[in-house]
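One-letter residues, chain by chain:
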Amino acid sequence: MPPPKKAAAATASSSTSSNQFFAVVGTDEARVKEAAMRIVQRITPPEAGDFGNEIVEGQADNAEHAGQICGNVIMALQTLPFFGGGKVVWLKGANFLGDNQTGKAAASVQGFENILDVLESNLPPDIKFVLSTSSIDKRRTSFKRLSKIASMEVHDKPDTSKAGWEEAVMHHALNKARELGLSFESGALELLVQMAGDDTRQMENEIEKIDLYLGERRRCGLNTVRGMVSMSRAGVVWEIGNAIGARDLQRALELLGVLMYQGQNAIGILLAAIVPKVRNLLIVKELTSRNKVNTMSYNGFSSSLEALPSSATSHLPRKKDGTGFNVYPLFMAVAEARKFTLDELHDGLSACLAANAKLVTTQLDTKVVMERLLVGLLAPRTRKA
Amino acid sequence: MSYQVFARKYRPKTFADVLGQEHVVRTLRNAIAQNRLAHAYLFVGPRGTGKTSTARIFAKALNCPNGPSIEFDPEDPICKEIAEGNSLDVLEIDGASNNGVDQVRDLRESVKYAPSRCRYKIYYIDEVHMLSTAAFNALLKTLEEPPPHVKFIFATTEANKILPTIISRCQRFDLRRIPLNIIAKHLLHIANEEGVDLDEKAAFAIGKGADGGMRDAQSMLDQLVAFCGNKIREEDVLEIFGFTSMQTVVGMVQHLLESDTVGALQLVHDTSEAGKDLGKLLSDLIQHIRTLLVSQADPEAGAEDLEPEIADRVAAQCQMATTEQLLRVVDGLAEVDARMRWATNKRLHLELGVIQAVQHLNEVSLSDVIEALESGTTGGLPKVTPRAAQVTSARAATPAAERVSVAPARVAEPAPAAPPVREITPPTAPLPVSREPERVIEPAPAPVVVKESVEAPAPVVKPTPVEASAPPIVSAAPERTPPPPAATMDIDLGQFWADFTNIIQERRALIVGWLRIGTLLSISHGVVKIGFPITEGHARESLNRDNQRKFLEAVAAEMLGMAVKFEMVPDASLAAPMASEMGFDLLDVPEPKPAAAPEARVDAPKAAGSAAPATASAPEAPAAPPEEFQNDPLIKAAVEKFKLKLAARA
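So the sequence lines, in the order shown, correspond to chains Y and L.
Just so you know, we're using the working numbering here: the first sequence kicks off at 1 and counts up by one.
Just so you know, we're using the working numbering here: the second sequence kicks off at 1001 and counts up by one.
Treat each hint with caution, since some may be false.
Okay, the calculated beta carbon distance ranges per label pair [to be verified]:
id, chain 1, residue 1, chain 2, residue 2, range
1, Y, Arg290, L, Lys1641, 21 to 29 Å
2, L, Arg1549, Y, Ala246, 44 to 52 Å
3, Y, Gly187, L, Ile1370, 52 to 60 Å
4, Y, Asn223, L, Asn1066, 29 to 37 Å
5, L, Pro1046, Y, Glu179, 30 to 38 Å
6, L, Asn1066, Y, Arg217, 22 to 30 Å
7, L, Leu1037, Y, Gly85, 48 to 56 Å
8, Y, Gly257, L, Gln1266, 31 to 39 Å
9, Y, Pro45, L, Arg1105, 33 to 41 Å
Source of the hints: derived by calculation from the structure; they are not laboratory data.
Even for Gly, the Cβ is constructed at its ideal location relative to N, Cα and C.
Full structure from sequences and hints, please.
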């Protein structure tokens, strides 16, 4: 496993330290809601009781509704608490601040600007405001104004296109599993994370489901995860890659069937799930057969790659920012590549190319083409005696 | 009570009745038992896998008296109301027709109200993927935090069309396709209950057609009962639904694997005449070969979707060809499939595809050759070996008489050169030579040769009646069949054949494997007749190519001292060789025989035909590639193509 990245691990940050206004934003809806709830509970005056909280639901059906919601928030901010003392106004789950039709409408933009005007107009210190939203357009001036006056918490989903995103999600999943007293077999948690994807709410649901399925048992194996967890699109892609790496033809065909049944494009499956895996296997096989590479540990492998001459590593996949090799998928492929010969992988990549050509230029049944590719790739070459 | 279709009459009523979805049922039962109910559930799966049934059973378990309880009485009035879709507190909504935001707003309004009789108010929205995006968004808030008395159950066949924000708020269950054997068993159970005599094979045929959907299978059974009455056989299923019998598909593949082109074409003919869809036959064929490929990789895989008898045959068939061969066949058939879509004459394309498939199975790919070369003495072309072994064993089990009886059916095979055709001669030119007794020399191994009267294995030197009356062969080409010297009469065919193959081994090693598959039948009128087992068409055809045949004729002429012509004929009476005999034994250690220099052997026949056996001997393992070997056009081409170097082999 690569070391967790700071950006992936730490999703929360605070730009200002206002104690009166709070904004919890981010694409991870479940964590945004959880964090906002925690803040509201913390800042609600203990003596205020139910009257100290005024929650305004932020789900707007349209721009006009968004304008009404903003009006309600302003009224709430400007209304003194019924029994005196403090008060918390929570604009909960606002969906009209993002880059969408409702969010771009004048009523929504103006409405939120009006809220900010009120917030900036010297409200009494015992009137507090919490905003939680999963979509906010950070390019707008309103966002910049908000970030100046409010404590900002950001809970974004990890960027699955970057290496190491699994770490944060895995940590979250492990915590949830611990709460339920569950433990995982080797590889099962990783598989769960890959199959469920980056949505923490979805992840929690899946762990809950596994817990119910297991009943008295407290140990979750790979088969349980495979059988129970509903695969996200990214999860299927990952799992096909795993099946190819494990040379598990039956599993690969099963997953292909799932994707084709869901109406996924065959070329998409080929280019997203199969070709990268075969290419990584081939690269690693070639690399380890020509050079002395430490394959015992991730760090050792990474160092070995760095130590190789540039002529041997110029073709290796690199990170998107160009800072170094994308070591993680290569390291994962090291053990898997042992299941293939170099010739098989060469043929496999050629077969991918041929399949691509067939999919694009012929009218062959796409499922047959894909299945044939997988069989040719994964079936052991039988030489009967 | 009015008639109810089987799909409704036998709809599962309790969790125990749900088939093939153990992972879902177990989780729901545990959730009820532990009182850990989610507020929204999403059932995803193909049609007929139990989404609605599971939802109703779950609703019954939640709302039954003394519930939530796993053990509820399905005959309870509340449960019956739910099962019939009449319950006021279990609202079944068709998402396809109530897909607008207005309907969802109405729903949002109604969730506030408490249930009338039951514990929970359950909203079951079928085909939920049909809801518009606005409707989904309108539902989000309610779905996230519904009142405690409300439960949502959604069902869909296309989960990818549902917003991720909706999916993440639900506990999602993926229902799987129901395995074939479970469907078949359930159909037999229904038939038993209904007093219908349903054949097991028919049940499997229905299950296969249902493609994992129980409702489809039950509906098909309903139709069959209406059409056939109380006795349903597999043929009825195939006839009514136009399916291709699994036996037919397996039989077709068996023909292909045995290189029985005639049998395969006959099957295509029969299927076409029966009015079956040839496209379906082809796709079933491809599917079956895929099953063979998967079985080669993992024998246990896919067994649950095959009836036991078919599973056994799959296990046997997947041993009869290599992966490469099967992949080539799939490629060819897939191309035929693409062509057939637009063709008016589908049968022609399918027939061509079948013929090609047989050829593919008999092909020796260049990689096979290279691998065989590399594998040295242990090598052998693997492609024929399994098939041969299979065919041999199959033939060994049948008496000789039965084998002979098979032969007439094979006569129809479009062989490139049938022996009788070659022996038709012009009626003119009755030369005196023709009246001489014809030499028909019995082969030493004495195989049981089934021949027409033209080539009857008559006593040596005695002309057959037909040949006596027919114009002689030599009359057509007298220059090629000069009167043989008297010494050649003494040729021992067995010895001649051994010497001949040894020389070929030395001069053109690549073809000796094919030659050894054949059997020398006779040398008559300057015609050397070599028989090949029916299954070994590839060897016969390979040797029958002009360049190879001329080469063989030249070598034989050298040995016999006269011009000869080679005929390669299929012979049904010949058993396929054993696996070891069919190998690509280029580098096999030659048989230990009295050694003689190759040159001497080549020259000896020129001197006298009788001298040939004496000179014949096995060549020693070459210390370096012999010059003839290096000069072989095939080897030259291979060396040039692959930039090879010929190395000596120790």
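Quiz prompt | Hints breached by this structure | solution = Hints 3 and 7 not satisfied by this model.
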